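There are 2 protein chains.
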Amino acid sequence: MSIEQDIPTQTDLDRLPLDIERIHELSEALLPVSSQIEEGQEIEDIELNTKLVELISILHELHPADVANVLESLPPKERTLVWHLAAPEEDGEVLLEVSDAVRETLIESMDTEELLAAVDDLDADELAELAGDLPHQVVYEALQTRDAEERAQVQAAMSYEDDQVGAIMDFELVSIRADVACEVVLRYLRRFESLPDHTDKIFVVDHDDVLQGVLPIRKLLVADPEELVENVMATDVVRFRPEDNVEEAAQAFERYDLVTAPVVDADKKLIGRITIDEMVDVIREETEADMLNMAGLQEEEDLFAPILDSVKNRWMWLAINLCTAFIASRVIGAFEGSIEKIVALAALMPIVAGIGGNSGNQTITMIVRAMAMGQLSGTQAGRLLKKEVGVALVNGLIWGTVMGVVSWLLYDNFGIGLVMIAAMTLNLLLAATVGVLIPVAMDKAGRDPALGSSVLITAVTDSGGFLIFLGLATIFLM
Amino acid sequence: MSIEQDIPTQTDLDRLPLDIERIHELSEALLPVSSQIEEGQEIEDIELNTKLVELISILHELHPADVANVLESLPPKERTLVWHLAAPEEDGEVLLEVSDAVRETLIESMDTEELLAAVDDLDADELAELAGDLPHQVVYEALQTRDAEERAQVQAAMSYEDDQVGAIMDFELVSIRADVACEVVLRYLRRFESLPDHTDKIFVVDHDDVLQGVLPIRKLLVADPEELVENVMATDVVRFRPEDNVEEAAQAFERYDLVTAPVVDADKKLIGRITIDEMVDVIREETEADMLNMAGLQEEEDLFAPILDSVKNRWMWLAINLCTAFIASRVIGAFEGSIEKIVALAALMPIVAGIGGNSGNQTITMIVRAMAMGQLSGTQAGRLLKKEVGVALVNGLIWGTVMGVVSWLLYDNFGIGLVMIAAMTLNLLLAATVGVLIPVAMDKAGRDPALGSSVLITAVTDSGGFLIFLGLATIFLM
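Residue numbers (the UniProt record's numbering), protein chains in the order written: chain R, 1 to 478; chain U, 1 to 478.
Because the hints were derived from the structure by calculation, they are not lab data. Since this is a predicted model, take the numbers as computed values, not measurements. Some clues are possibly wrong.
If chains are identical, the list can't say which one is meant, so a pair holds when it fits in one copy or spans any two.
Distance condition first, Cα-Cα at most 25 Å in a straight line; then the derived SDA-like pairs of lysine to any residue [stated by the list, open to error]:
no.	residue 1	residue 2
1	Lys312	Asp121
2	Lys312	Ala370
3	Lys219	Val174
4	Lys51	Leu437
5	Lys77	Leu437
6	Lys312	Lys386
7	Lys268	Ala178
8	Lys219	Glu172
9	Lys312	Leu409
10	Lys51	Asp19
11	Lys268	Val440
12	Lys269	Glu243
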């Protein structure tokens with residue numbers, strides 16, 4: 001960067017609130033001169049120059065995670081400008097923090113040299129995480145600068161799926177033997193320049209690297225210096241295999257309040273560790289993915305994705321929705337004769353379908369959540385079904401009666417009121433049944449129960465609702 | 001508990017998979033003799049007795065968080081049985097871990113003495129967390145057994161709202177002065193019986209308890225023993241006030257990869273700390289609450305809540321849904337004349353409404369997520385609206401044309417095809433606009449943008465879709 005400026009240092013303890021509004025204002029104001037800024041030219045307009053200096057100083061004070069958050073919140077042009085102005089030494093960290101969609105746009109805006117500089121400081125596991133999004137040439141050159149051990153680590157990490165522990169484990173850890181005194185451990189630690197992030201425990205291994213236990217730092221600090229590690233260490237260790245699912249690992253971290261945990265191979269040899277910061281990201285992504293999936297969004301979308309990218313991300317569920325809506329439409333089509341005779345049916349049928357969809361969504365959301373928490377075993381499904389059917393029956397009788405009376409008064413037709421009560425109750429029962437069965441079936445089939453569940457349940461309660469209501473009306477009112 | 005049994009100890013390093021299926025089977029099998037078990041009588045049936053011993057041994061090996069998870073997954077009777085058989089010394093921890101709804105049912109099943117025993121081991125902040133759900137008498141007696149300092153801590157914690165940092169901060173922490181050598185700190189720590197959970201840093205305070213900085217254990221362990229704390233400590237500390245919102249605190253933990261952080265009062269005095277394990281719970285609950293709220297569930301529901309409790313938890317959004325469905329129905333009612341003339345309109349109108357609802361849900365879900373991440377400032381809303389309208393326009397023209405052609409062929413009426421294209425495009429534009437505006441307006445009004453957003457958007461796209469489609473048809477086809 002060619003612009004000289006003073007970066008204010010954080011002198012007191014007050015934490016810096018991330019003023020995203022101000023960054024949005026500044027980057028918008030600077031947009032007209034963005035090409036000059038990116039080419040390193042002097043900005044002559046004094047006011048704009050002041051704004052530029054302010055923006056740079058704000059950005060340089062930000063934590064990489066905050067920079068990532070800011071970048072995600074900006075439209076493409078402002079994003080490129082801010083990315084150009086952010087501290088280049090943090091580029092690698094920022095790339096790790098941003099969402100996949102935004103990461104692609106940032107990497108596209110960088111040349112090979114910038115990319116190599118950005119990934120230079122990254123650990124092996126971090127480089128592996130980015131590798132899939134980087135041009136092959138960059139990955140190849142970045143690997144050349146590493147030693148054989150690190151190259152092997154990167155390749156090992158890249159060999160696992162994104163949802164496996166192996167893909168997010170890191171290789172920076174401290175291990176010791178069981179037969180040394182705590183004092184020796186403390187002396188050994190002092191020889192490190194610095195300890196890996198989140199070091200809350202030291203891993204105890206034998207001469208074959210087989211994990212024997214862990215020595216929590218909390219215990220090491222209060223232990224008698226003469227005491228042997230084997231007498232202080234914990235042996236009931238929550239540990240993982242690289243093939244383990246990250247969501248299950250995250251749930252274990254959550255339940256057992258872990259900060260780090262060892263990863264071992266099939267021979268119980270220590271090969272890496274996973275840390276709570278990665279697990280927090282997994283938990284956030286997992287619950288968010290459920291939410292996005294239920295609404296029929298395929299993946300986390302760049303807020304300011306080009307319109308066609310957004311269309312692509314959403315088209316599938318819209319297409320499925322159209323197909324199911326078409327089926328519902330054909331159901332109604334089959335009863336056109338009845339509707340011609342009593343046109344009120346056309347006005348009332350969406351009420352029956354709508355309450356079924358709403359109630360079904362409540363049921364399915366609850367079940368999807370219980371499944372995500374691992375609380376649903378096969379024997380439970382039947383009981384839950386019974387309970388949900390009970391709830392549906394109560395709701396159906398209450399709300400069905402309300403709407404039945406309203407319809408009776410509105411159309412002065414007692415029969416319509418009765419059909420309304422029956423149809424609403426039956427559609428709520430259908431919603432409850434399908435709301436339990438869809439996620440259970442998806443789960444049995446090895447699919448994510450959240451995926452499009454909202455679209456599916458609505459499809460069933462729409463077609464079902466129309467069929468039940470118009471069918472009953474045709475039988476009893478014609 | 002009167003039953004003698006051997007509790008198998010965990011001898012090797014393998015972690016215990018939580019076999020929830022087996023616990024469900026055993027508790028169901030033991031249900032017929034549950035009253036004998038609860039009264040401490042001998043079970044004569046040998047097979048059942050074997051099962052009882054197995055269930056007890058499984059339960060006693062479980063971590064309190066796993067016991068909580070098991071309890072949440074069980075219907076009422078089995079839940080009471082398992083709760084009775086679980087290790088009583090962990091009762092307090094389990095009560096802290098279970099969801100609010102299940103906690104109430106567990107507390108109801110315990111008498112004063114059991115409750116007092118359960119909360120006896122809890123820290124001040126934990127007792128405060130439970131206090132709201134405990135009978136007043138129990139809270140009063142539990143406080144009598146504590147010293148004045150702890151009583152003050154419990155009362156302080158209880159004075160904050162559930163969503164404030166003060167309600168979840170804990171008081172167990174280690175603090176030191178800045179002007180001592182690291183060696184002195186290590187000696188000081190060794191005098192502790194044990195260090196508080198998650199101790200990754202020691203807080204540095206002056207003689208008035210004003211926070212000066214933090215000494216990360218990672219740094220302490222590698223520091224020169226002669227070095228003074230003030231030369232090793234970090235002074236740019238992320239710290240919180242007890243009034244701060246817990247969700248914002250959780251986001252800070254997530255961004256800055258924190259394990260613990262200090263809480264200070266208005267005079268910058270250190271009064272407590274918050275830890276990552278609480279924050280992980282906050283993150284999980286926050287994203288889950290968004291999911292439940294969008295579907296119109298008021299709160300996390302006990303899976304096996306009595307039917308009437310479930311009805312109560314869900315009635316409000318169902319009632320709102322009924323009102324909006326009634327409005328949509330009246331919109332259709334206004335066009336009964338048109339439907340009588342062209343009955344095909346009745347069959348086609350749900351397609352227009354349906355695709356609007358689906359697309360609107362996609363938009364609103366994305367916006368709610370961006371808001372939860374703090375990425376949406378006022379200036380952005382206008383741009384997002386422009387982008388979403390663009391996406392809607394493309395989708396409307398594509399899918400509108402598809403359905404327009406289908407309708408044209410199906411009903412052999414070119415006019416209906418054109419009305420279909422126009423109505424679908426307009427309803428998608430309406431969905432995009434309202435999908436952006438609802439959460440922005442909710443947020444401006446200080447309400448949770450996730451709350452019932454799915455029900456609201458569907459209401460607009462239903463009534464709007466019927467109005468647009470039937471309106472256009474009446475104008476152009478009659």
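- request: Could you work out which earlier hints the structure fails to respect and list their numbers in ascending sequence?
  value: Structure breaks hints 1, 4, 9 and 11.
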